[in-house]
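Q: Chains as they are written, first to last, in the UniProt record's numbering: chain E, 1 to 328; chain W, 1 to 333; chain X, 1 to 507; chain Y, 1 to 343.
Be aware that one or more of the hints could be misleading.
Stated by the list, open to error - Under the rule of at most 30 Å between Cα atoms (straight-line distance), these lysine-lysine pairs were calculated in the DSSO-like manner:
{"id": "1", "chain 1": "X", "residue 1": "LYS352", "chain 2": "W", "residue 2": "LYS329"}
{"id": "2", "chain 1": "Y", "residue 1": "LYS120", "chain 2": "Y", "residue 2": "LYS336"}
{"id": "3", "chain 1": "Y", "residue 1": "LYS154", "chain 2": "Y", "residue 2": "LYS236"}
{"id": "4", "chain 1": "X", "residue 1": "LYS352", "chain 2": "X", "residue 2": "LYS429"}
{"id": "5", "chain 1": "Y", "residue 1": "LYS143", "chain 2": "Y", "residue 2": "LYS333"}
{"id": "6", "chain 1": "X", "residue 1": "LYS352", "chain 2": "W", "residue 2": "LYS226"}
{"id": "7", "chain 1": "Y", "residue 1": "LYS143", "chain 2": "Y", "residue 2": "LYS154"}
{"id": "8", "chain 1": "X", "residue 1": "LYS130", "chain 2": "W", "residue 2": "LYS226"}
{"id": "9", "chain 1": "X", "residue 1": "LYS408", "chain 2": "W", "residue 2": "LYS226"}
{"id": "10", "chain 1": "W", "residue 1": "LYS329", "chain 2": "X", "residue 2": "LYS332"}
{"id": "11", "chain 1": "Y", "residue 1": "LYS309", "chain 2": "Y", "residue 2": "LYS146"}
The hints are simulated quantities; they were obtained by calculation from the structure and are not laboratory data.
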Amino acid sequence: MTSESLSSTRKPGTAFGLFADRSQIVLIGILAALCIAISLAAPQFYSEANVIAILRQCALVLIVAAGMTMLLICGEVDLSVGASLAFVGCIGMDVINRTGSLTLGVLAALAFAGTVGLFNGIVATRLRVNSLIGTIATMMMLQGGVFLYTREAVQNHHHLPSFTGLGAGYIGPLPIPVIIAAIVFVVAFVALRYTTFGRYLYAVGASENAARLSGLRAERLKLIAFVVTGLLVGVAGMILASLMNAGQPTAGRGFELTVIAAVILGGTSLSGGRGTLIGTLLGVLVLKVIDNGIIILRWNQDLQMVVPGIVIILATWLDIVRRRADAR
Amino acid sequence: MPQSLDAAHPVPPPAPAAAMLKALFRRSEIPLLISLLVVIAFFSIASDTFLTTRNIANVLGQSALAMTAGIGVAIVFISGEVDVSVGSLVAAVAIPLIVVMNATESLFLGIAAALALGLVVGAVNGYLSAYLGINSLIVTLGTLFILRGGVYLYTGQTAIPDEAMLESFFQIGNGRLLGLLPYPALIAFVLLLAFAYVMRHRPFGRQVYAVGGNPEVARLAGYSVKRVKFACFIISGLLATVAGIMLASRLGSAVHVAGLGFEFQVVAAVVLGGVSLSGGIGSLFGMALGVLILSFLSNGLGMLALATEWQLVVTGGIIIAAVAFDEFKRRRI
Amino acid sequence: MHAELVQERGGAHTGAAIEMHGIGKRFPGVIALEEVDLVLARGKVHALMGENGAGKSTLIKIMAGVYGRDAGSINIGGREVALRNPREALAEGIKVVFQEIALISEFTVAENIFLERHPVGRAGSIDWKKIRAESAALFERIGFDVDPAARTGDLPVSQQQMVEIARALAHEARIVVMDEPTSSLTPNEVALLFKVIRRLTDLGIAVLYVTHKLDEVFEIADTVTVLRDGRHISTRPIGEHTHDTLIQDMIGRRIDNLFPRSRGHAKGDIALSVKGVSTDAKLDDVSFEVRAGEVLGFFGLMGAGRTELAKAIVGFDPIRAGTIEVAGRPLKPHDTRTGAGLGIGLLTEDRKGEGLMLELSVQQNMSLAALGAFSRAGFVDETREKAAVQGFVDRFRVRTPSLNQLIKNLSGGNQQKVLLARWLMRGLKVIVVDEPTRGIDVGAKSEIFALLDRLANEGLAVVMMTSEMPELLGLSDRIAVMAEGRITAVFDRDAATQENILNAAIA
Amino acid sequence: MRKLLKTTLAASVALGALAGTALAQNTPKKIGYVVNYATHEWYQNVIKGMRDRGQQLGIEIEVKDANLDVAKQVSFAEDFMAQGVDVLIITPVNEEGVAPLIRRAKADNMPLVLEGNPVKGMTTMVAICDYDTGYHAGVAAGKYAKEHLGGTAKVMNVGLPLLSATVLRSQGFMDGIKTEIADATMVHDLDGGGNPDRALEVSSAALAQNADINIIYGINDNSSLGGLQAWKAAGKSQDGLLVVGTGGEGLAFINAMQNEPSYKIEAAMFPEKVGFTAVDAAVKVFNGEEVPEHIVSPTAPMLGEDWKKFYSVEGTTRSVNWDGINGVQAPDKCMKTAADLKQ
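Start from the sequences and build out the full structure, keeping to the hints where you can.
A: Encoded structure:
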């Protein structure tokens, strides 16, 4: 773990991007070890059906985690994504029922989710409420609000094949949610790694004052990150609604913690300025493989709470150890 | 000179009235106290069953859990760290409590076992956060999950009933002083006073403020930042245990689903009480007022027969408004 | 009380208070200290000087127990001491007054004085009465006029610095280290500081005085040690030094003129026009103009409003009234983006808080403001970015092992060069520099000075906020003096003297 | 429309008849109900049943929602006692967790009726028989499997080990199905959290591991639908699959039975009837009448179009066909209760 070389400090080019960042090697190792161990005990792990099931589960988390990574990098967090996910599905389904149009449903869902993101952003940047607290409050309001909106699950009336396809469909061998997630991932990756927007997010997270003095509109950048996260929740919410064939007001409980856990596991710092999307991808995969493995191995499902808890603490600690070694 | 000692400013300046007013207003307690009175006044008018001795005593008893755990969480916040593991801890400590009591018929041994678990969890949180330097939000989120999962695994997702049926244990959570004031309220109040004293008048309390306010300065002043933070996590673990014991008594069992979401309640109250997430700022009395505001709000909205969904919306809105106000005030005054 | 204690313990006011031999310290890729010796005598003032990155701060941080040493021995009273952490250093009687304020801003002044150890009464409760009484007595003794009950964060920076210094007296210190203590003090306070130092030496306390200000060294020091590149260069009684020899030791060559001025007086069009700017916090109807190629110096005592003015005119802070125009185009207040777009930028006095992004690299820090120029359709052209950054690193002689080095590992002077480059890369019309040489030693100071001079010569308008008279008089074409948020006088370069500037500042 | 009218008419007649008997007694003025989870459709329908019955009898029903928080539940019960309601009805979040509350209610002479789960020291409880519900659905599923699935039964249980009631349902289902198909097996026993998305997620993994699953049992509608959606998302055909849901509280199962070829059986638990019965029990307890410890509210498996006997749907509103529901016979005793789980 020790290295004397200077090149171990992060390079701006490769620092927040390319594949062999050392923190990610740990994660790749964990992931590989998990896959090997699980598949030895249960060969069905590698069955096509299971791999697709894992990927589809990853897709939902990854879509939102891409936004959350941006938020954490610029020093903010959004705990309302789980509650918003449920609300979005209900609204999207409702609009589809009323209009018979998938497009209008998706647009309504995105508009709503984007507005939630905007609200969170305004609370955090204009009212200066710490986003950890502000978004907990938004979470409460959304959890209450969704039941004011609908008392029961919004059923699918029109059975539009395109709507069903959103969650359960395939293009070639790949499930549509996985393809959507891949697109989101690539766009977010490029945005963070190669654009000024991405570089500015890192700068704002590293020092908001310095970024502002350098002519960046820190508040607006954060606002954008909130809205992007919101919109991605909209996308995920519609996929989930399609998968469940209904808008479920009770969905999404604990989803925010899964997403944040994955992002943190991927090496993104809670204090801002540091993190990568590749790390987030690995974090999502590790968590979902653990979840899946526990079921495949028929272990007690209560371990689905225990194991991720341990893994996150352990991974964060390993990251600290590695960075200390680098600094020596 | 009057000996009124505020948490952050133990020696208020002997200043003219305007500055005095400003200093008073800078303390979060005053606006909070006003808010609490407004809440109470509102519900007293809106509901005829709200302002009764019995109901007020009840609410004080109900708020005791959050207040007791809130003391510990507030202290951890003031030291510049976060503890969200209390939600699972209140459920976890009930297991050794009930199991040992069932086996030994001794309340004392049961409480000792519970405190031992609380101590261990606090120490683990503290060691991982303070000594290994892992972000405490991650650590305590991790232990939140691990403990809850552990409770489910141990109990097989059922509750463990209290079979010893000790009257003393029943009284802890359900008894009332003079038939009126619930014991939990009394316990929480005594703990609040004790820790408020520690935070204001003991060197340790001042070290906690200094460590949270500016860890580098605290280190240069010769404090062991790690040790102070470690101690804060242990205090939080022990106080959450006390809350867990009171809850177990009210439930007459170790309930595996107890305390789900309790961490949100406590953190919301602590933040509402003006304790800053960034450390070094806030007082335990502020925290206590935050707890009372939320408790009276929940009780009052219930009296108005407002559904859960409205309660959630209202509470969420109030939290945002309160924290925004606090921030506004901090910047302007 | 305290005085007697020290005297009893100190005994004779002679002999070594601390002996450090062969001290070595490495950081990743940098040897910060190698074979450094330093011996402090009781009751004497020992000045420690050296260029940027010479190793002064590392040495005093080792003394304070903040860093461990990799090699060498430290003896106090004939005993070898470990100094593993600040607590051990304090226990050995070493008290360090750092340049960065080390006070808890939420606490009262009195409590900060006793921060190291709260006096307790019976039952272990803090004795607040004693804290108040003793700090009041202490302030009275040294003639420092501040309310011990005031909240520390409410005091101006200079008074906070004085509280820090006074704190050194409240403890049973045998060795007091002061790191650039005058960098934010007013002249009156500097006099007060020297009084405090003399009191300390009278008590037999050894004082290590770290500074860049030559005048101060000649005024207060008995002995001077110079470090260069982490090595010990010389230790001599002050009597053996002249300004020139001292500078020569520090930078290894002779400098005839610290602040060489290459410019003529050619001035261009109005680059910045500020009219009637007022803010809620401080500024009161401030108006001035600066032309291209001109340096307008701002002088003022601490709290006069220079920093506030700097932040307002670049659009960082909101203003209540007034207009700001850059090259004839109005700047939208409280919006740094349009400010930067119009070509005005601020080199902040608070490098750590507002300038640097400590966790990011030299390259990321330097190219931030100019990133737009290296990008097409929002995508960054990293080849061009890197070339530009390398260009500035070479031109400014930034000492860094690579462009990927985290900026927090660079010395203050090099960090300042990176921040200056951040703006120059973008291309400005007006640069506002706030205490541009704060915490930077002579060598780097003159480099930055020369840079500013050259930039003005190339047609940049420079607004310079400074509290250093030589800098002000050396570089400015005109000098504006501020007091209590207003401009009280404006002098042409030829009309300005130290006396009339100070008079206007006190008014 | 005509059918709806008829149903409503029948319902009011039925209500009136029952009300007649009840009115002969003293009626409490106000009943306080601490529900464990009011935002859940099941409890919304329980409350609806209570309010309907309360209106008939001129009783005010006030509801407080513990929202799955045991501590809040105790607090709300306290609040009701302080407020002075005449009878307290509680659906325990956890049956052990309200034992001290019952003690305190007794000390306060507060009549108390429990809904859902039995608690030590209680006077009476109104509840369905969870085990029986699962059992009869299991028997029906066994018969269906014999006829349509070639006599094999590989069951994926989308369960909820958190609650004894839901564990009983799953047990009952397996015991019931074994009466028809002796070698029926539970291939996977999952914790679906009772949530649709969690159920979907865990089912996906289980379905991937066991391709031979042909029956999905859900302890509530969210669970069975989550399981079915996982099946569909895996791209499998619904031929040869049977989905059995439990609860029948909302529109979701009706929607599924109409549109999903595999969703053939729903174990209906008639929440409205539970609320209705609970209010009647409360009146009896208030009058100090003798009541059985367990008042059973009926349940029945609904196959295919059976649901139309009990419910009618107009747009997005579901109305109760009291005729149908009151026609369902409830057993006097449950085959198995939570107490049996502990042995």
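Q: Next step is simple, just say for each hint if it's right about the structure.
A: Results for each hint:
1. X:LYS352 / W:LYS329: Between LYS352 (chain X) and LYS329 (chain W) the Cα gap is close to 26 Å, so the pair holds against 30 Å.
2. Y:LYS120 / Y:LYS336: This hinted pair holds, its Cα atoms lying about 17 Å apart.
3. Y:LYS154 / Y:LYS236: With a Cα-Cα distance of about 16 Å, the restraint between LYS154 (chain Y) and LYS236 (chain Y) holds, given a limit of 30 Å.
4. X:LYS352 / X:LYS429: Judged against 30 Å, a Cα distance of about 25 Å means the pair holds.
5. Y:LYS143 / Y:LYS333: holds, 25 Å
6. X:LYS352 / W:LYS226: Measuring from Cα to Cα gives roughly 24 Å; hence the hint holds.
7. Y:LYS143 / Y:LYS154: holds, 14 Å
8. X:LYS130 / W:LYS226: This hinted pair holds, its Cα atoms lying about 29 Å apart.
9. X:LYS408 / W:LYS226: holds, 23 Å
10. W:LYS329 / X:LYS332: Given that 30 Å is the threshold and the Cα spacing comes to 26 Å, the pair holds.
11. Y:LYS309 / Y:LYS146: Measuring from Cα to Cα gives roughly 25 Å; hence the hint holds.
In summary, this structure violates none of the numbered hints.
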